[in-house]
Every structure is written in C-alpha cells, then in structure tokens.
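**Student:** Here is how the chains run, residue by residue.
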Amino acid sequence: MFTKKLKKKLLFISLVVLIIFRFFATQPHYLDGQNLRITARVFQEPIRYSFKQSLNLLGLKIYLPLYPEISYGDRVIVEGEVKGGELINAKLISVTENKNWLYSLREKIINFYRSVLPEPHASLVAGIVLGSKSQIPADFWQSLKNSGLAHVVVASGMNVTFVASFLMSFLAVFLPRRRFLLPAFAGIWLYALLAGLDAPIVRAAVMGSLAFLAQRLGKVAAAWRILLISAVGMLLVKPLWLTDLGFYLSFVATGSLILFEKPIRERLAAIPTFFREGLATSLAAQIGVAPILFVTFGQFNIWSPFLNALVLWTVPPVMIIGAIGGLVGLVLPQLGELLLYLVYPLTWWFVTIGRL
Amino acid sequence: MKTWKYLFGFLILATAAIWLAVFLSPDKNLHLVACDVGEGDAILATYKNFQILTDGGPNNKVLDCLAEYLPFWDKEIELVVLTHPDADHYRGLIEVLGRYRVDKFLTNGTEVSTSDYQVLRNWVGSKENIKEGVKIRAGKIRLDTLAPKIITPDKTNENSIVTLLTFGSFKAVLTGDMVPAVGDALAQNWSFGHVNYIKVPHHGSKNGLTENLLKALRPAVGIISVGKNNYGHPAQETLKILSDYDIKILRTDEAGDIEVVSDGSSFWIFH
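Chains as they are written, first to last, in full-length UniProt numbering: chain A, 1 to 356; chain B, 1 to 271.
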C-alpha cells in the first residue's frame with residue numbers, strides 16, 4: 001500500500017512528533033516563588049567557579065558555596081526557591097558520597113593526578129583521560145576557550161573514539177574479530193560511565209556501539225545513518241538534550257567530520273602526516289561548529305584549527321599513559337608517579353600552546 | 001615493529017621529562033612571591049626544595065602560583081603559615097592541602113565555625129599553634145614569629161601572625177592583616193634593623209600600616225596584595241605614607257605575581 005520511501009518518511013515524522021511530545025511531557029513544571037527540597041543524584045559533574053560551584057538538578061540550575069565539594073555521582077539534598085529556571089538561595093542540606101566502585105575509582109584516580117602533577121597539568125590529564133573539567137583553574141580554562149582547545153578537556157566524543165580504537169587493537173591480540181562485540185560494548189560504556197554521561201560522551205558511545213554492531217552483522221554502516229539514529233534514539237530517551245548546547249555541538253561536529261574530513265585531508269597532501277591528521281580533523285569540525293560557537297558565544301578564533309593541529313597529537317599518548325599511570329598509582333604510588341612524569345612534557349607543550 | 005615504536009616514544013618522553021626537570025630545577029636564591037590571588041594574601045617563599053607558604057588567598061588561584069614557582073616534581077610544602085582564619089587568607093589552602101604534602105601547618109590557634117573552614121580543619125592532620133618568639137630555621141632561611149603576643153578573643157586581624165623572613169642579609173616582614181596597634185608595638189621594640197621588604201598589612205587598608213612602623217623598619221619595597229574589592233583597598237592614606245618614605249610600591253592587582261629574588265646580599269624584582 002505504502003511505498004517504502006513513504007513508510008520511511010512516516011516513521012521519521014512520527015519519531016519527531018514523539019520527541020517533541022516527550023520533551024513537553026517530561027518538562028518539569030515549577031512555579032516561581034515555590035520552595036523546593038530536591039533529593040537527587042548528581043549525574044553531571046558540577047562546575048567549580050572561583051567562589052561557587054554550580055550543578056543542574058531536575059532541570060534547575062543551582063549555585064552553592066565551593067565547599068563542601070560535590071562530585072559526579074554524589075547524592076545531594078538541596079533546598080531553595082524557584083526563580084526562572086534557577087533555584088535561588090539554595091542551601092545544601094546533605095551530600096552523600098557515592099560508594100559505588102566506579103565512582104570512587106574515578107575520584108581516586110583524579111586525586112592521584114592532583115597529588116603528583118601541578119596545575120593545570122593535573123586537571124588537563126584528568127580532563128583528557130576521564131573528561132573531568134571541574135577543577136581546571138579558571139584562567140587556564142579561559143585561555144583554552146579562547147584558543148578553541150577546550151573541547152579536548154571537556155568530556156568529548158574524541159575520548160570515546162580513542163577508547164574504542166584502543167580496545168579494537170587491544171582485543172585483536174586475544175580474540176577473533178567476531179567475538180569483539182561484547183567486550184567492546186562493555187569497554188565503551190564503562191568508559192562513558194566513568195567519564196560522566198554528558199551528551200557528547202553518550203553520542204560517541206552510541207555511535208561507537210552502532211558501528212561495532214553493524215560490523216558484526218556484516219552490514220555496511222553508513223555514517224550518516226548511524227549519526228541520525230543516534231540523535232533520534234538519544235532524544236527519545238532524554239528529550240531534555242534538545243536544550244543542551246553540547247548535544248548540538250557534538251552532532252554538528254561529527255556531521256562535518258563525515259562530510260569534510262576526507263576531502264580536506266586529500267587537499268593537504270603536501271603537509272606531513274603528523275600535522276595533517278589534526279589539522280584536517282579540526283578544520284573539518286570547525287566548518288560546522290564555528291557558526292554555532294559564534295552565534296552563542298560571540299567569539300571564534302581563526303587560528304583555532306592550527307592550534308588544534310599543534311596539540312592534538314599529544315592526546316592519545318596522554319590518554320594511554322595517564323590511564324595506566326593512574327591505575328598503577330592506586331597500587332604502587334611511586335611507579336605511578338614516575339609514569340605520570342612521562343606525561344609532563346606532553347602537557348607542558350599543550351599548556352604552552354594553550355596559553356598563546 | 002610496533003613494539004619498537006612504543007619503546008622509542010617512551011624513551012623520547014623520558015628524555016624530555018628529564019631535560020625539563022633539569023631546566024626547571026631551582027637555583028640557589030631565595031624567591032619570595034606575592035601571588036596574584038585577587039583580594040587576599042598568598043605569599044610563597046621558596047629556596048631550593050624548601051617552601052614556606054604564608055596564607056592561601058580566597059580561591060584556587062594560589063595553585064597556579066605554586067605550579068609556576070615550584071619544580072613540577074616537588075609536591076611537598078615544608079611549612080604553611082595561616083596568619084589568621086579569614087576566608088581571603090585560608091580558603092585557597094583547602095585546595096593546597098588536597099594536592100600538596102604539607103609538613104607543618106602553623107596557626108595562631110583561633111578558629112572560626114564556617115563550613116569551609118571546617119573542611120580545611122579536616123584536611124590538616126596536625127597543626128601547631130604559635131605565638132611570638134618561635135624561630136624556624138631551614139638552611140639559609142630563618143623565620144621569626146613577631147606576633148601575636150597575646151590572643152584577643154573574638155577578634156581576627158588583631159591576632160594575625162606576623163613573621164620576619166631572613167635570608168643572609170635580606171629581610172622581609174610578612175604582616176598578614178596586622179592592625180595598627182600591633183604594628184606600633186612592634187615598631188617600639190624593633191631590634192632587627194632595616195628591612196628590604198614589607199608585605200603591607202591588610203591589603204593596604206588604612207586600618208593596617210602605620211607611619212611608626214615604616215620609621216622603624218625602613219623597607220625598600222612595599223608589596224600590596226590586593227584585588228577588586230568594596231573596602232577601598234588600598235587606601236589613599238596608605239599609599240601616601242609609603243610614597244612619603246620613598247618606598248617602592250608594588251601591587252598584585254597591577255603587576256600580577258610579584259617575585260623578589262635574593263642571593264642573600266642583594267635582591268631583584270620581577271613582575
């Protein structure tokens with residue numbers, strides 16, 4: 001009765017309608033002036049400013065004093081008054097640390113980085129390895145934003161992609177290709193959980209899993225289709241992402257990578273591989289991302305792709321050595337310390353470029 | 001093939017780390033840094049691998065300063081002095097204690113009940129309360145405690161710790177938020193001769209520096225650790241007496257970190 005094309009269109013339209021419906025249905029309704037007591041788990045890492053920390057609970061922005069420090073995974077009780085999407089006069093009633101091994105592993109590794117390396121190196125390693133951005137010194141964060149390097153430190157899809165490709169080459173040593181699926185899934189999602197379930201991380205984890213799945217099923221995975229399916233799926237589960245800038249940036253960046261990365265790389269053939277990879281990737285991503293950044297933040301650094309190309313090569317070794325150093329350090333602190341010192345020349349280079 | 005590549009990368013990194021360590025290792029001079037932490041105090045004295053941090057400023061900006069002036073492998077601060085428990089002096093120390101091994105923590109013994117001070121209190125394993133007359137020596141560095149003589153209950157600035165840092169013939173007075181009465185009393189019995197450096201008390205407030213003190217100490221440079229504030233720091237009166245006595249004024253809000261380097265006989269200023 002229906003042609004195949006029409007069926008697809010209908011499916012697409014009904015999904016969009018469903019997302020919009022879910023978006024409004026799940027929007028919490030608060031009245032201004034209403035007093036609230038929220039008990040919730042913190043699912044996104046709080047942002048720490050000079051004199052306060054801010055977190056998002058049930059769609060409300062909440063500012064609290066810097067101490068006691070609240071971490072990703074903690075359960076908190078907060079009281080305050082609703083005013084325009086914000087909980088004002090917020091008071092922290094209690095904060096209970098998450099005793100889950102995954103969260104405490106994350107905390108312990110970050111604390112180990114802090115005890116070995118000075119700032120901003122410790123935060124940089126924590127950001128690259130675990131996507132933790134909460135402790136980055138304000139000045140350094142600003143210079144990273146100005147130079148367009150901040151994406152490396154925040155929970156970005158790039159981290160997940162590295163984990164996935166690292167897992168691939170690691171698993172290849174032990175297992176036949178067709179048995180990759182489960183361990184790869186486990187690895188990717190464990191990392192996503194460790195890194196905090198921000199939109200870009202989830203995006204990369206979903207896409208990575210779909211790519212693995214398609215490969216296992218012997219289907220040719222069209223990158224575009226995977227991108228679209230991931231976006232729709234994520235919005236169905238969490239419609240609130242419709243209002244998350246990180247969500248858009250992540251998808252637009254990936255979209256422009258799919259479109260532009262290859263042609264740009266081919267045109268840069270004259271440049272040494274070492275430099276070309278990073279330059280092609282960031283130029284391609286910038287095509288889509290730059291207009292969004294410019295409209296939302298009113299700033300855009302024309303040199304950003306070059307600065308990215310200068311530092312992006314440091315990310316995989318920092319991730320690998322940082323992860324190994326962090327894990328080893330929990331058992332043998334001295335050895336972990338020595339391993340982390342190997343990261344220092346790389347972060348030193350990164351910090352120097354970032355501050356230009 | 002791949003193994004060789006990894007091994008090669010490992011060796012390059014190890015070599016780079018060692019070169020950086022050599023390149024960044026400390027000289028034989030005293031470096032006295034007034035860290036630019038905004039409205040607050042954080043004064044770092046470092047000599048080879050020995051560090052004294054006096055106060056930690058109001059936020060984690062002190063970490064930038066420590067990272068800048070300490071070699072990257074040195075995560076130990078031998079002595080932290082908290083002059084008095086005001087937020088613009090102690091809050092940054094919470095971050096410091098979370099990241100550095102602090103061997104000795106000196107306070108004037110008074111406490112406050114704010115929640116962040118309690119966090120600090122929990123971080124500090126053992127602290128020592130000091131009064132006037134305590135001497136600390138480490139190689140060529142000597143630290144004399146000049147105040148408080150007595151503790152005035154329920155006051156903060158009145159009980160601020162004041163220290164004299166001596167390195168060879170170089171002398172610096174670190175005053176915390178010292179009040180005029182304490183300054184005048186110090187001036188009356190001053191027996192240490194002229195000094196080179198004074199950290200102007202209380203961010204240059206008029207409720208800090210006195211003319212009597214300058215007459216007795218005759219410092220060459222006056223450092224004002226100050227940031228954006230609503231208290232009118234530094235006060236015109238303070239700036240005026242400093243310039244009346246021909247003292248070079250350096251402010252962290254204008255100059256950023258202010259580093260004074262001394263070899264024990266002369267000194268240089270970098271900012």
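Treat the hints as calculated values from the structure; they're not laboratory data. If you're wondering where the values come from, they're calculated on a predicted model, not measured in any experiment. Among these hints, one or two may not hold up.
[As the list claims (entries may be wrong)] Per the computed footprint, the stretches of chain A lying under chain B, defined by three or more beta-carbons under 8 angstroms from a beta-carbon of chain B, are:
no.	segment
1	23-33
2	112-124
[Claimed, not checked] Derived pair list, reagent style BS3-like, types lysine-lysine, alpha-carbon separation capped at 27 angstroms:
no.	chain 1	residue 1	chain 2	residue 2
3	B	K5	B	K28
4	A	K8	A	K52
5	A	K52	A	K99
6	B	K206	B	K155
7	B	K155	B	K75
8	A	K108	B	K140
9	B	K75	A	K133
10	A	K145	B	K228
11	B	K2	A	K262
12	A	K52	B	K228
13	A	K108	B	K155
14	B	K228	A	K108
Every residue, glycine too, gets a C-beta built ideally from N, C-alpha and C.
**Student:** Confirm or reject each hint.
**Tutor:** Against the structure, the hints:
1. 23-33: violated (count 0)
2. 112-124: holds (count 9)
3. B:K5 <-> B:K28: violated (40 angstroms)
4. A:K8 <-> A:K52: violated (49 angstroms)
5. A:K52 <-> A:K99: Given that 27 angstroms is the threshold and the Cα spacing comes to 25 angstroms, the pair holds.
6. B:K206 <-> B:K155: holds (18 angstroms)
7. B:K155 <-> B:K75: violated (34 angstroms)
8. A:K108 <-> B:K140: violated (38 angstroms)
9. B:K75 <-> A:K133: Judged against 27 angstroms, a Cα distance of about 22 angstroms means the pair holds.
10. A:K145 <-> B:K228: holds (24 angstroms)
11. B:K2 <-> A:K262: It holds: about 26 angstroms lies between the C-alpha atoms, which stays within 27 angstroms.
12. A:K52 <-> B:K228: Within the cut-off at roughly 17 angstroms; holds.
13. A:K108 <-> B:K155: violated (39 angstroms)
14. B:K228 <-> A:K108: violated (36 angstroms)
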